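**Student:** Given these sequences and hints, build the entire structure.
Heads up: the sequence lines are chains A and B, in that order. Per the working numbering, the very first residue in the first sequence carries number 2; after that it's consecutive. Per the working numbering, the very first residue in the second sequence carries number 2; after that it's consecutive.
Only true hints are included.
Reference listing, derived: stretches of chain A covered by chain B, where coverage requires no fewer than 3 residues with Cβ under 8 Å from a Cβ of chain B: (1) 6-14; (2) 47-60; (3) 122-132; (4) 138-147; (5) 153-166.
Facing chain A, from chain B, some residues (calculated, C-beta under 7 Å): (6) Thr-3; (7) Ile-4; (8) Met-6; (9) Arg-13; (10) Glu-113; (11) Gly-136; (12) Trp-137; (13) Thr-147; (14) Ala-151; (15) Arg-154; (16) His-155; (17) Phe-165.
What the hints contain is simulated information worked out from the structure, not anything from laboratory work. Please read all numbers here as calculations on a predicted model, not as lab measurements. Glycine included, every Cβ here is placed at the ideal spot set by N, Cα and C.
Number of protein chains: 2
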Amino acid sequence: MTISMYTASAPRLVNALKNLAAILAKGEAHAAARKIDPAVFLSARLFPDMFPLTKQVQIACDVAKGTVARLADMEAPKHEDSEQSFGDLQARIAKVVAFIEAVPAERIVGSEERRIVLTIRGEDTVFQGMQYLLGWALPNVYFHVTTAYAILRHNGVEIGKKDFLGKP
Amino acid sequence: MTISMYTASAPRLVNALKNLAAILAKGEAHAAARKIDPAVFLSARLFPDMFPLTKQVQIACDVAKGTVARLADMEAPKHEDSEQSFGDLQARIAKVVAFIEAVPAERIVGSEERRIVLTIRGEDTVFQGMQYLLGWALPNVYFHVTTAYAILRHNGVEIGKKDFLGKP
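**Tutor:** Quick look at the structure:
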C-alpha cells in the first residue's frame with residue numbers, strides 16, 4: 002500500500018480519538034474509584050489561562066472532523082460545546098469517529114494541493130492540502146490529545162504513553 | 002506534489018524539533034528574566050513518576066532521529082543523555098536536525114512496507130514502514146514535544162499553541 006492523503010488522515014485521526022476515549026475512560030474510572038467529583042477532572046487545567054480538559058477534548062474533536070471535511074470538500078457536522086460529563090465527551094468523540102469513518106477514501110485521496118482556507122484568530126490563512134494535513138491538522142490533534150492526557154496524568158490518573166499510542 | 006513517506010516524515014520531524022527549540026528558548030528567556038534557576042525548569046515534571054523536561058526533549062530527539070534512520074535503513078547517530086542546560090538541549094536538537102536534513106529523500110520514499118522492528122520494554126514489535134511512521138513515530142514525537150510545552154506552560158512560561166505549530 003502506498004501512503005496517501007487518506008491513509009495519512011482519516012484512519013489516523015480515528016485512532017487518535019479512540020485512544021483519547023480510552024484515556025478519558027481511565028480518568029472517569031479513577032474519579033469513581035477515589036470518589037472524586039468528575040467535574041474536578043473535567044474542569045482541570047495545567048495553568049489558569051489554559052483550556053480545561055473538556056475544552057481540550059472538544060477542540061481535538063473539532064480539528065479532527067474539520068480536517069477530514071476540508072480534505073474531502075464536505076460539510077462537517079456541527080456539535081454544540083455543551084458536554085457536562087465524561088459520558089457526554091465520549092458521545093461527542095463517537096459522533097466524530099462515525100462521521101470520519103463514513104467519508105469515502107476516494108474523496109480525500111489526491112487532495113495534496115487542495116486549497117484550504119482557515120480563519121485563525123480572525124485572519125485567513127491559506128494552505129495546500131498536504132501542508133494543512135501534515136503541518137497543521139495532525140500536530141494540532143496530537144497537541145490536544147496529549148494535553149488532555151497530561152491534565153489527567155497531572156491529577157494522578159494512572160495512564161502511560163501506551164494508552165496514548167494505542168494500537169498503531 | 003504527491004504525499005510520500007519522505008514528505009510525511011523528515012521535513013515534519015525537523016519542523017517539530019525546530020518548534021521545540023523555539024519553545025525551549027522562550028523557557029530559557031523566561032527563567033533568565035525572572036531569575037529562576039534554569040535547572041528548576043529542566044527538572045520540572047507534571048507528576049512525580051513522569052519524565053522531566055530534559056528527558057522529554059531527549060526522547061523527542063531520539064524518536065525523530067530513529068524514525069528517519071529506520072525508514073532510510075541507516076544508522077542513527079548516538080547521543081549520550083548528558084545535557085545539563087538549555088544550551089545543551091539546543092545543541093542536541095541541532096545535531097538531530099542536521100542528521101535528518103542530510104538524509105536523501107530517495108532513501109525514504111517507498112518505505113511504506115519496510116519491515117521495522119522496535120524493542121519496546123524488552124519486547125520486539127514488528128511494524129510496516131507506513132504504520133510505524135503514522136501510527137507510532139509521529140504521534141510519539143508530538144507527544145513528547147507537547148509534554149515539554151505543557152511542562153513549561155504549567156510553570157508559567159508564556160507560550161501558546163502557535164509556538165508549537167510554528168510555520169506549518
